[in-house]
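2 protein chains.
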Amino acid sequence: MGRNKFTDEQLAEMSPAEMRAIIRKGEWTEPDEMASIGYFKANLAVVPADWAFELMLFCKRNPISCYATEVTEAGATSPGWIAPGADLRTDLPRYRVFKDGEVIDEPTDVIKYWRDDLVSFLIGPLPNLLYMLQSANVRYCVLGAYNSTVSAVPAGRLHGNLAISCMIFKTNQDAVRGIQIASRYPDGHGAPHHFGLNDLETMGIKDYRKPDIIPLIGEKNLQHPDMVDHGYDLRPGEVAVWSGCGVTPQLAALASKVPFMITHKAAHLLITDTRCEEFSII
Amino acid sequence: MGRNKFTDEQLAEMSPAEMRAIIRKGEWTEPDEMASIGYFKANLAVVPADWAFELMLFCKRNPISCYATEVTEAGATSPGWIAPGADLRTDLPRYRVFKDGEVIDEPTDVIKYWRDDLVSFLIGPLPNLLYMLQSANVRYCVLGAYNSTVSAVPAGRLHGNLAISCMIFKTNQDAVRGIQIASRYPDGHGAPHHFGLNDLETMGIKDYRKPDIIPLIGEKNLQHPDMVDHGYDLRPGEVAVWSGCGVTPQLAALASKVPFMITHKAAHLLITDTRCEEFSII
Chain B
166 MGRNKFTDEQ LAEMSPAEMR AIIRKGEWTE PDEMASIGYF KANLAVVPAD
216 WAFELMLFCK RNPISCYATE VTEAGATSPG WIAPGADLRT DLPRYRVFKD
266 GEVIDEPTDV IKYWRDDLVS FLIGPLPNLL YMLQSANVRY CVLGAYNSTV
316 SAVPAGRLHG NLAISCMIFK TNQDAVRGIQ IASRYPDGHG APHHFGLNDL
366 ETMGIKDYRK PDIIPLIGEK NLQHPDMVDH GYDLRPGEVA VWSGCGVTPQ
416 LAALASKVPF MITHKAAHLL ITDTRCEEFS II
Chain U
166 MGRNKFTDEQ LAEMSPAEMR AIIRKGEWTE PDEMASIGYF KANLAVVPAD
216 WAFELMLFCK RNPISCYATE VTEAGATSPG WIAPGADLRT DLPRYRVFKD
266 GEVIDEPTDV IKYWRDDLVS FLIGPLPNLL YMLQSANVRY CVLGAYNSTV
316 SAVPAGRLHG NLAISCMIFK TNQDAVRGIQ IASRYPDGHG APHHFGLNDL
366 ETMGIKDYRK PDIIPLIGEK NLQHPDMVDH GYDLRPGEVA VWSGCGVTPQ
416 LAALASKVPF MITHKAAHLL ITDTRCEEFS II
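Chains B and U are the protein sequences, given in the same order.
Everything in the first sequence is counted per the working numbering, starting at 166 for the first residue and increasing by one.
Everything in the second sequence is counted per the working numbering, starting at 166 for the first residue and increasing by one.
Among the hints, a few may not be true.
Note that the list lumps identical chains together, so a pair holds whenever it fits in one copy or between two copies.
To be verified - Below are the DMTMM-like pairs computed for lysine to aspartate or glutamate, each with C-alpha atoms no more than 25 Å apart in a straight line:
id, residue 1, residue 2
1, LYS190, GLU443
2, LYS264, ASP274
3, LYS371, ASP391
4, LYS335, GLU192
5, LYS375, GLU192
6, LYS225, ASP438
7, LYS430, GLU267
8, LYS375, GLU183
9, LYS375, ASP282
10, LYS277, GLU403
11, LYS264, GLU192
12, LYS225, ASP215
13, LYS225, GLU235
14, LYS190, ASP377
15, LYS335, ASP252
The set of hints was computed from the structure by calculation and includes no laboratory data.
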């Protein structure tokens, strides 16, 4: 169930607890990054305890892609800090379940997959940064997210390539302001890592007009009004900026043939009770 | 061997590799925070692999006290990033060895204690921040480090109280500038957590004139020249500011009766090849 059930305004104004209750009842199974605007959203990655240290190390070593904001004790079904009332098994609109490096299911809850030895990682995705950019009236839009050919820094048995995302800023000044703001939010990927469209080979992007993971051009939510319906072509003075993407742990699950992992489905996020601004480190 | 072997100037100008070689040969066994000035120093905490996830979680949940800058794979004897040429078993001037929650040794190397399943945590201590404060000509001195009665956020089997440290800033403006600078360096404890001397009960400090861990008053190194020989009494306009202390994992080892842990001895640090400024996040 989805898009037409609520207006954009209704979604934006929903409290995190209300929105999670709606999702928990199965009444919203679409991307929810435009809901409860201003509240911190989180990607999810869940592994058995015997993979938890390696995933934590992987996140530590690849902070631009997957900075772990909160990590639970084994078996916990709720984050103790960023969303104490949430149930990690039911409160995301859609999940992905990996077995031996393959996606075996994309369910709307993971109750039947849950085990007592599971450790959950809550990882801040791009929409948190986009909200902060919007608050500061920075003019940007998001092209989408891509599979790169750049290796993540491995950790134990975990390895894989980085997922990355691309934004277009309207002017150089918007890009600089965007970097300043992003730098204050390590929980929202922190500062970007790459500029421009003239060095795509380094990242292994064959065609930046065809994002592999999430095509966002044309989505009006979480884009500056000036940049809606932008399309892929840069206009004079605009700057393309590449940043991390929280789908990276999923690529690691595939590449490393992790025996069992549960994640969010891209753009189907946990809505937490914390405000994005709470994560500013300065 | 120690203090009189080299002049302060010789120590300050020693390269990290030179200083580590001197320490490795057993020719320097004293605190080394004043050596290789400007280079990032690291506390050490080493646990068997089956405690590594919990220690990582403990660091994650108590970042003001013990922000882990680098974590090794099990068995690695060298950090791959911040000091690739270092040997963690020999290159700190003095270690502490814990067994079942007790200190059993304070050796100058840990070769005989080393095991293939050990995971090493490199944790940024206060001297890195002090260097940044000195660079910016902020006027401060350090009173010392204390055992507080404030619980760290536990992680699995790991629990204990926070170690904290106290600095005095000469003016409110120095204190504000100090907070701004500290906020840019999460690897150097980040922003402080407490002000003043009129709420010591909250932290469980019975007598702030008697630091439990490291008394620093009177040490001229790493203090602003205006504040050397300051003594414990605040002068008009000065501000006492409390921050995290990297001895916290050692308090957890004691309180949690960790079967086996190796750490640095307080103020006996690993000198890395990275510059303090490399860790600025903005």
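Consistency of the hints with the structure:
1. For the identical chains of this complex, LYS190 and GLU443 are neighbours neither inside a copy (29 Å) nor across copies (48 Å), given an alpha-carbon limit of 25 Å.
2. For a Cα distance limit of 25 Å, the shortest separation of LYS264 from ASP274 inside one copy, 16 Å, qualifies, whereas the shortest one across copies, 44 Å, does not.
3. In this homomeric assembly, LYS371 and ASP391 never come within 25 Å of each other (Cα to Cα): the closest approach is 28 Å inside a single copy and 59 Å across copies.
4. With identical chains, the CA atoms of LYS335 and GLU192 are never at most 25 Å apart, being 37 Å at best within one copy and 59 Å at best between copies.
5. Taking identical chains as interchangeable, the C-alpha atoms of LYS375 and GLU192 are never at most 25 Å apart, the minima being 31 Å within one chain and 61 Å between chains.
6. With identical chains, the CA atoms of LYS225 and ASP438 are at most 25 Å apart both within one copy (24 Å) and between copies (20 Å).
7. In the homo-oligomer, the alpha carbons of LYS430 and GLU267 lie at most 25 Å apart inside one protomer (14 Å), although the nearest pairing across protomers, at 47 Å, exceeds that limit.
8. In this assembly of identical chains, the alpha carbons of LYS375 and GLU183 never lie at most 25 Å apart, being 35 Å within a copy and 52 Å across copies at closest.
9. In this assembly of identical chains, LYS375 and ASP282 lie within 25 Å of each other by CA distance neither inside one copy nor across copies; the values are 38 Å within and 45 Å between.
10. In this assembly of identical chains, the alpha carbons of LYS277 and GLU403 never lie at most 25 Å apart, being 48 Å within a copy and 60 Å across copies at closest.
11. Taking CA atoms no more than 25 Å apart as the test, LYS264 paired with GLU192 passes in neither setting, with 27 Å inside one copy and 54 Å between copies.
12. Within a single copy, LYS225 and ASP215 get their C-alpha atoms as close as 17 Å, and across copies as close as 18 Å, so both meet the 25 Å cut-off.
13. Taking identical chains as interchangeable, the C-alpha atoms of LYS225 and GLU235 lie at most 25 Å apart whether they share a chain (12 Å) or sit on different chains (8 Å).
14. In this assembly of identical chains, the alpha carbons of LYS190 and ASP377 never lie at most 25 Å apart, being 30 Å within a copy and 54 Å across copies at closest.
15. Taking the closest pair of Cα atoms, LYS335 and ASP252 never come within 25 Å of each other, the shortest separation being 39 Å inside a single copy and 49 Å across copies.
Of the numbered hints stated above, those contradicted by the structure are hints 1, 3, 4, 5, 8, 9, 10, 11, 14 and 15, listed in ascending order.
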